[in-house]
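J.: When you get a sec, could you build the whole thing from the sequences and use the hints?
Note that the protein sequences, when read in sequence, are chains A and B. Start counting the first sequence at 1; every next residue gets the next number (our numbering). Start counting the second sequence at 1; every next residue gets the next number (our numbering).
Hints listed in this document are in silico derivations from the structure and should not be mistaken for laboratory results. Each residue gets a CB set at the ideal place from its N, CA and C atoms; glycine is no exception. Zero decoy hints are in this set.
Some chain A residues close to chain B (C-beta under 10 Å, calculated; not the full set):
1. Glu241
2. Gly260
3. Ala301
4. Gly305
5. Pro422
Which bits of chain A does chain B cover? Going by a derived footprint, with three or more residues having C-beta under 8 Å, they are:
6. 261–271
7. 286–296
8. 458–466
9. 471–482
As a plain string of letters, each chain reads:
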Amino acid sequence: MTDAALLDRPSKPASDGSGKPATVLTEHIVEVISDSGEGAQRCGQSLGAIAARSGNGIWTVEIIPAEIQPPARSVAGASGIRIRIGQKKVTNGGDETDLVVAFNEQVLLGRVRAGELKRGATILLESMWREHKDPQIAGSYVEAVKSLIDSGFRVIEVPLERECRALMTDARRGKNMFVLGMLCSIYSLDMTLARDQVARIFGKKDEKVIATNVRLLEAGFTWAEANLDFKYAIPAEKQKEPQIVVNGNTAIALGVLASGMDICAMYPITPATSASHYLSDVFERVGGMVHQAEDEIAACAFAIGASYAGRCAVTITSGPGYSLKQEGIGLAVMAEVPLVVVNVQRGGPSTGQPTKVEQGDLLTAVYGSHGDAPKVVLATSDIEDCFYSMITARKIAETFNMVVVVLSDASLATAQAPFPRPQFSEDWLAPPLDQTPVPAGAKPYDWDPVTGIAHRFIPGQPGGMHTLTGLAHDRMSKVAYDPAINEEGLRARSLKLAALQKALKTPAVHGDPEGDLLVIGWGSTQGVIEEAVDRARADGLKVSSLHLRFIQPMPSGIREILRRFRKVMTVESNWSDRREDELIDEDNRRYSALALMLRSRFLVDIDCWSEARGQPIKPGDVVAAMRAKLNEGTPS
Amino acid sequence: MTTPVTKTIIRLHEEHHSLEDYQGGVPRWCSGCGDNAILAAVQRLCRDEDLAPERTVFVSGIGCSSRFPHYMKTYGFHGIHGRAFPIAEGIKMARPDLSVFVNTGDGDCCSIGAAHWIHAIRYNMNMTVILHDNHVYGLTKKQASPTSPIGFKSNTTPRGAVLEALNPLTVTLGVQNASFVAQGVDWIPDLLYDIIARAYRHRGFSFVRIIQRCPEFLPKMFEPWLHDPGRTLLLTHANGLTPSAETSRIYKNQREHDPLDINTAREIASAEDPIPVGILYQNPEIPCYEDLRGAGAPRTAERTRIGLEAEFDKVTIWPDEAPAQPRVA
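T.: In structure tokens, the structure reads:
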């Protein structure tokens, strides 16, 4: 899309610029790549913030090596950030990169080999390595530049270190702000906003630090104005309301704050932990607290204890931690204690890929814990949804006395994009603690015959004394091994899902309500899938998409939607067996998680296209997958 | 204004509790099981301390002793194996106004829940913990527990347990922030009551190990101690237990021990025969985690709104635009 977006007409000179004509673009993808600790992410986040404040749509994707300090100048150690800037709202990281700033050739090669650069992309490369005293390093650099040029990239060597040294003794630490200045020139961004952004990020430090970094910023801008022969402008179509810019994990933490929950119990785990970091910083100001438990099991049990005592609590984790919590989740299901569990998914199984995205935990979330353990599972579809999902989750947990699992993932965890600033409503908050006497004769599990819901008694309520148990129990919470009583409890706990399901709205189809192919997704891929559908539709393909926020229970109306499409396919970031593998056939193929669930529920031959590369799915790849699916079999 | 006499009488009746107010279901423990003695002592304590049943919670894990909450007429939480501590901690953090008790067995506490036990000591939350230590897994029918004596023949150690038994007292006394450690035996009910009462009155994590008999799987284990009072070492002190004349007449083997003295407490805890009975350690100065973390702080809608708006302000772009319409989550 960016190829087509590059409009071949010069615009009026940028306000801060030198009079160099700027090429007008609808969008562009830029990456800043460095060794760990060189500040590429801060540079990119700042660029995103400046562009967002200019009114552009942005989406940032952090490129994170698994280690804290991977070896310098290594292909695997690439640390950095991608920023996709658009005229309109941007909902995902897009396809390949148009422009890269790299602090050494090795980290750059990491991105090239991963296929993350567009053909002919512009590369701005730190040139200091050319004169490095170690001939091996200098040689490697020269060789890399030659091979990149031979591959058709436009390589521009930039003396980052030399330029920065004039302004700062430790030039390595100042490069990122110099690069930020360069990028402001390249994208015709307002330097007043840029200076303000620098002041914001160094706000906690002294004036001298801010002044040094502003000088670096300005030097980068001036260098680019004087030395680069190109300039872009991405005119903004500004939103009409105030926006906030946070990543998905911060949005989850803000959502916890807004939901009225006041206890978060957690144990450190990547990539979930930053949500708890943020919460640890702010929660106490509103009367909440984050408890760092001794382990994941304790975190879950602590949250269950707090919820039982009348304050609905949340526990936030990622894959391995989620596995450890299974027994506790089963207890909350059985005893009907409200509980919110957030799983920021990462690559699995086992330790897997801690910093990488995967939608691998759906079936565990829906079916996990031994026995029949019905729980609500909802998946956050974007950063804004991370915020509101927490409010929704707390409400459902307390209304139905159920476990609500909120699935996010590593890509939403660190991605940033603006969304409308939420307007606080007291309806978001938990009701006050009920300490009123329980009416005579009331039972702790007085399951409603239709909805299965029982009104639980909270410690402190006179007359409500009973012992809650994970054993099978009757309406009085008495341990019971009677066959009929066991089924009565199972039935009630299951019915609650149906009761919630009746309240859910059918999700809207993106695109026409009928056509040749319906693509179904869940979680963080909404932006990618919808962009792919829009591109395909622009090319005349009859494709639409459906995105599921609630996966358990699944809203009604989906069966009718499926009927209106010739073919149906899910797009997921998880593993499904490849049909081209010799041993794989229809009798043994393992489908992606959502496809499996949809096939079993609707008895429709729903296919899946999935990848588990640890990277966000690219819209271009989804378009290709849709074309392949449409061309499959006999043409209609 | 004076309160009418009848009203006062009614209130007295309502506010003062009898043993029946704490007696739940009929215990299903074996006759002669030490759990029965502990239940009787705890119910007596609740009555004497006049605990409001609705503001009292007994939390347990899994095992014979973890059935305890079912036999109380208070609130109870019969949890999962080994996790009574974190559940109880969550309850106490959410509701510091509740009286929290934990009933846990030697398998529940010292084996599957050992990590939680260590950290629960360190958190030092205000709760009374009773370790029902019968030295064997009973509910699963006779397997060796961490406190089983070496040589103990069980279904998993048919040729005798090969490991030395774990000593819950020395472990507890070795953890930072231990604030109350005591030991009782099920066959001396008066002292059992006194010890649990002292534990309840201590503000902090009060750990009471109770050595108890399992008539089913370790029937003769404590016979020698039952028949020879000299093999019980009674710890006495003005700040600890002050046994009655009658108790002292039987249990003459006494040692004055100041519960503030942790080094001596550790020395006493290490010696297992004679069995020390009494308060080994008490330090009222150690802060409780719930106090350090501001448990029970008021949470109001206004406070949340102010906090949230302040956070939004930090990340808002274009603050001058008209605000969005409130969204229903």
